[in-house]
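Starting from the two chains in their separate frames, assemble the complex, guided by the hints.
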Amino acid sequence: MTKNVKVYSTETCPYCRRAKEYLNENNIVFENLDVGKDQQKAQEMITKSGQMGVPVLDIEGKIIIGFNKEKIAKELGIQQ
Amino acid sequence: MYDLIIIGAGPAGITASIYAARKKMNFLVISKDIGGQTNWTKNIENYTGYLFITGDDLVKKFSEHLKRFNIQIKEFESVTAVEKEEDFIKVITEKNEYKTKAVIIASGRTPRKLGVKGEEEFRNKGVAYCATCDAPMFAGKDVLVVGGGNAAIDAAIQLMKIANKVYIADIDSQLKADPIMVEKIKNNEKVRIYNNSSLKEIYGEKLVSGVKLDIKGKTSDLKVQGVFIEAGSVASSNFTKGVLKNEAGEIFVDCGCRTNIEGIFACGDVTNVPAKQIVTACGEGTKATLSAFNYITRKK
Numbered sequence: 226m227t228k229n230v231k232v233y234s235t236e237t238c239p240y241c242r243r244a245k246e247y248l249n250e251n252n253i254v255f256e257n258l259d260v261g262k263d264q265q266k267a268q269e270m271i272t273k274s275g276q277m278g279v280p281v282l283d284i285e286g287k288i289i290i291g292f293n294k295e296k297i298a299k300e301l302g303i304q305q
Numbered sequence: 353m354y355d356l357i358i359i360g361a362g363p364a365g366i367t368a369s370i371y372a373a374r375k376k377m378n379f380l381v382i383s384k385d386i387g388g389q390t391n392w393t394k395n396i397e398n399y400t401g402y403l404f405i406t407g408d409d410l411v412k413k414f415s416e417h418l419k420r421f422n423i424q425i426k427e428f429e430s431v432t433a434v435e436k437e438e439d440f441i442k443v444i445t446e447k448n449e450y451k452t453k454a455v456i457i458a459s460g461r462t463p464r465k466l467g468v469k470g471e472e473e474f475r476n477k478g479v480a481y482c483a484t485c486d487a488p489m490f491a492g493k494d495v496l497v498v499g500g501g502n503a504a505i506d507a508a509i510q511l512m513k514i515a516n517k518v519y520i521a522d523i524d525s526q527l528k529a530d531p532i533m534v535e536k537i538k539n540n541e542k543v544r545i546y547n548n549s550s551l552k553e554i555y556g557e558k559l560v561s562g563v564k565l566d567i568k569g570k571t572s573d574l575k576v577q578g579v580f581i582e583a584g585s586v587a588s589s590n591f592t593k594g595v596l597k598n599e600a601g602e603i604f605v606d607c608g609c610r611t612n613i614e615g616i617f618a619c620g621d622v623t624n625v626p627a628k629q630i631v632t633a634c635g636e637g638t639k640a641t642l643s644a645f646n647y648i649t650r651k652k
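Note that the protein sequences, when read in sequence, are chains A and B.
Going by our numbering, the first residue of the first sequence is number 226, and it counts up by one from there.
Going by our numbering, the first residue of the second sequence is number 353, and it counts up by one from there.
In case anyone wonders, no lab produced these hints; they're calculated from the structure.
Any given hint might turn out to be false.
[Claimed, not checked] Simulated pairs of lysine-lysine, PhoX-like, Cα-Cα distance not exceeding 20 Å:
#1 628(B) <-> 465(B)
#2 477(B) <-> 262(A)
#3 493(B) <-> 262(A)
#4 245(A) <-> 419(B)
#5 245(A) <-> 384(B)
#6 465(B) <-> 552(B)
#7 447(B) <-> 294(A)
#8 394(B) <-> 262(A)
#9 287(A) <-> 299(A)
#10 384(B) <-> 296(A)
#11 266(A) <-> 477(B)
#12 294(A) <-> 419(B)
#13 299(A) <-> 447(B)
#14 413(B) <-> 245(A)
#15 536(B) <-> 513(B)
#16 517(B) <-> 262(A)
#17 513(B) <-> 262(A)
#18 296(A) <-> 426(B)
[What the hints assert, rightly or not] Sample of chain B residues at the chain A side, in silico, Cβ under 7 Å:
#19 408
#20 428
#21 476
#22 477
#23 484
#24 485
#25 488
#26 489
Just so it is clear, CB atoms sit at the ideal spot from N, CA and C, and this is done for glycine as well.
Next up, chain B with everything else stripped away, as it sits in the complex (with noise of 0.2 Å):
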């Protein structure tokens, strides 16, 4: 039996692992990838101690971090439950069954889908999620960015430097995303923001040829090639049981990030902890498995 499991490897999962790994708890941590999150983020200028970094070189910093300790990670796998028993917890997965004496779920978030016509049809086909992936396969193409804050607009400072024009869709008024981040497109002559826009079907052939976008009421037909959504992301707390969340999905917790049941813990973005920034991210992992680590050794 674990002393602890760690679900996610986001900055939250990685920075409760180092924790862990100093207190020399005997833990496992699990999942899909490392660096979560961070992995789609392209300019990162809010870290401390860096003026500038990209989110993919943050993520080496991590990994070079998370490596320094002989720590056992099972990448690639998923989480499909979290059951509390008598005197431990079982973590299933889809290849194993684990048990541990305390969980930390730092499963981070996922972005959200907007359920349009032609969205899933042509998900890698022209959809994407992921502009630092995938802006590069969009060169000398025209392009939507469907979002406003500071994600869609990141993604619309990676496409203006390769693609041929960058629409930017909005359902607000006005974008939300950092002033000093809208400063950087607003004056690019590639960029055209439609504001109060949603988006509304997707359709191609075998690739995106085009959208139907609803403007402040009208429908519209606008010739791209390519599709980012950057609307926002969902708590990925679906595998959790009886762990009390929110209405949208993120698991309450206290501020020693204790989740209504003992042993459990969350930290992160799958949390209701409002600022869902990467150090954020990282303070909140610290948290966790400090709070872990007492409770197991209390309960010894």
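Chain A extracted, bound-state conformation (with noise of 0.2 Å):
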């Protein structure tokens, strides 16, 4: 099944395109949203996991803070 995945961003994070890049790769679909120029998502993403720092990643209601593969990989069934 396929699981709703939304990645809170902002346009100049490396690791936020690292982040996309990788979900990418593994043919994952994706809702990338931009905190940095849509405020609302902004306090969204803030309430969610409670800190400011980017990327964060929704996968079905697990939040993960930072790229961090292996956790993305696991949330996702991802091969390494």
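So, in structure tokens, the structure goes:
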């Protein structure tokens, strides 16, 4: 079953870019939310993760802070 | 057993890897990330061949170069110890243990923490160490940059485009950054520079709401929602044992990137080489691999 994946990111953050590249390489469909431009989404990210660092991934409600490849792979069943 | 293990994949480690791949050495790269400090640098105007490039784009170019070779990389793995045994060197990480004939330490530097009240508590809750990553979160807000070197002014340049007010607290009487960078912020009405000033405390509830600054001996209160700490960096060399270092923890190397221990080499910002520049780190990475290659060839 496809999981609902959201990536809270900023345009300039290298780890956000790498996280998105990693998802793309593994054919994971995700919604990209630019928290540098969308204040409401930024607030949503802070509420969900309790902090302001990007990227934050929301995988079906499971919150992953930072580009943590192992955690992302585990949550999405990506073979490493 | 590997011929060589390279610890770190910033400009020094990546260049060392490219040379090792071209020498067809049996080697492994272990690194917490790809790109190191270059990831956090927004504007690069002094890397030969590029009038301007962002750190992110340069890391992309470095990665492409690295991927042209079939290099074994253990990313997201941290080295906890490097130990010299009689016939080999042991590299221990939090996950594994590896044996190798030679090691290149290219572990770079990490941002210096100030150790002030609230710094740890509000980390990523208004306190940031990477303007390139986090600046966009502070659009329309008031922020403080701590520091006066190139990294601090680079952060201020990024922030003044989006923030409401950018305060700079610098411990010295004059900014140390390159004049060409200082010119970019000097006449911006959003920017206010406090010389001879230091950060004393960061406070807030869930997120940062203000700081206490010591400005020329007087304590002042400043309402800010973000604090960017750009007060230099420290060498990431804690995991090394027996390798001679200076007081700042930088590994002593000779002109061939050799340390005091046979078979252990070091390059880039983790060493006592004074110019902490991307282009310097690349050059040092080259020297380290060529020295390591000679060492192994001689040993065989």
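Quick rundown of the hints versus the structure:
For the hint linking residue 628(B) to residue 465(B), the alpha-carbon distance of about 19 Å falls within 20 Å, and the restraint holds. Taken as a hint, the residue 477(B) and residue 262(A) pair is honoured in the structure, with Cα atoms around 18 Å apart against an allowance of 20 Å. About 13 Å separates the Cα atoms of residue 493(B) and residue 262(A), which keeps this hinted pair within 20 Å; it holds. Pair hint residue 245(A) plus residue 419(B) holds up; C-alpha atoms about 18 Å apart against a cutoff of 20 Å.
A threshold of 20 Å between alpha carbons decides the hint, and for residue 245(A) with residue 384(B) the separation of about 18 Å falls inside it, so the pair holds. Distance hint between residue 465(B) and residue 552(B) is fulfilled; the C-alpha atoms sit about 13 Å from each other, no more than 20 Å. Distance restraint check for residue 447(B) and residue 294(A): the Cα-Cα separation of roughly 15 Å lies within the 20 Å cut-off, and the hinted pair is therefore satisfied. Between the alpha carbons of residue 394(B) and residue 262(A) the distance comes to roughly 19 Å, so the proposed pair stays at or under 20 Å and holds.
The suggested pairing of residue 287(A) with residue 299(A) holds, with an alpha-carbon distance near 11 Å, which does not exceed 20 Å. Distance restraint check for residue 384(B) and residue 296(A): the Cα-Cα separation of roughly 15 Å lies within the 20 Å cut-off, and the hinted pair is therefore satisfied. Between residue 266(A) and residue 477(B) the CA atoms are separated by roughly 16 Å; this keeps the pair inside 20 Å, and the hint holds. Straight-line distance between C-alpha atoms of residue 294(A) and residue 419(B) comes to about 18 Å, which keeps the hinted pair within the 20 Å bound.
This hinted pair checks out: residue 299(A) and residue 447(B) have alpha carbons roughly 17 Å apart, not beyond 20 Å. Taking the CA atoms of residue 413(B) and residue 245(A), the gap is near 18 Å; set against the 20 Å cutoff, the hint holds. Among the hinted pairs, residue 536(B) with residue 513(B) is consistent with the structure: their alpha-carbon atoms are about 11 Å apart, no more than 20 Å. Under the criterion of a C-alpha separation no larger than 20 Å, the hint pairing residue 517(B) with residue 262(A) is consistent with the structure, at around 18 Å.
Straight-line distance between C-alpha atoms of residue 513(B) and residue 262(A) comes to about 13 Å, which keeps the hinted pair within the 20 Å bound. Taken as a hint, the residue 296(A) and residue 426(B) pair is honoured in the structure, with Cα atoms around 16 Å apart against an allowance of 20 Å. Satisfaction of the interface hint for residue 408(B) is found here, the shortest Cβ-Cβ separation to chain A being roughly 5 Å, below the 7 Å cut-off. Below 7 Å, beta-carbon pairs count as interface contacts, and residue 428(B) has one with chain A at about 6 Å; its hint therefore holds.
For residue 476(B), the interface hint holds, the least distance from its beta-carbon to any beta-carbon of chain A being 4 Å, beneath 7 Å. Against a cut-off of 7 Å between C-beta atoms, the interface hint on residue 477(B) holds, since the closest Cβ of chain A lies about 5 Å away. Because the closest C-beta pair between residue 484(B) and chain A is about 5 Å apart, less than 7 Å, the hint holds. Annotation: residue 485(B) was flagged as interfacial toward chain A, and the flag holds, the nearest CB pair being 4 Å apart, inside 7 Å.
Contact between residue 488(B) and chain A, as hinted, is supported at the beta carbon level, the nearest pair being about 3 Å apart and thus within 7 Å. Evaluation of the residue 489(B) hint against chain A yields a held restraint, the C-beta minimum of about 5 Å falling below 7 Å.
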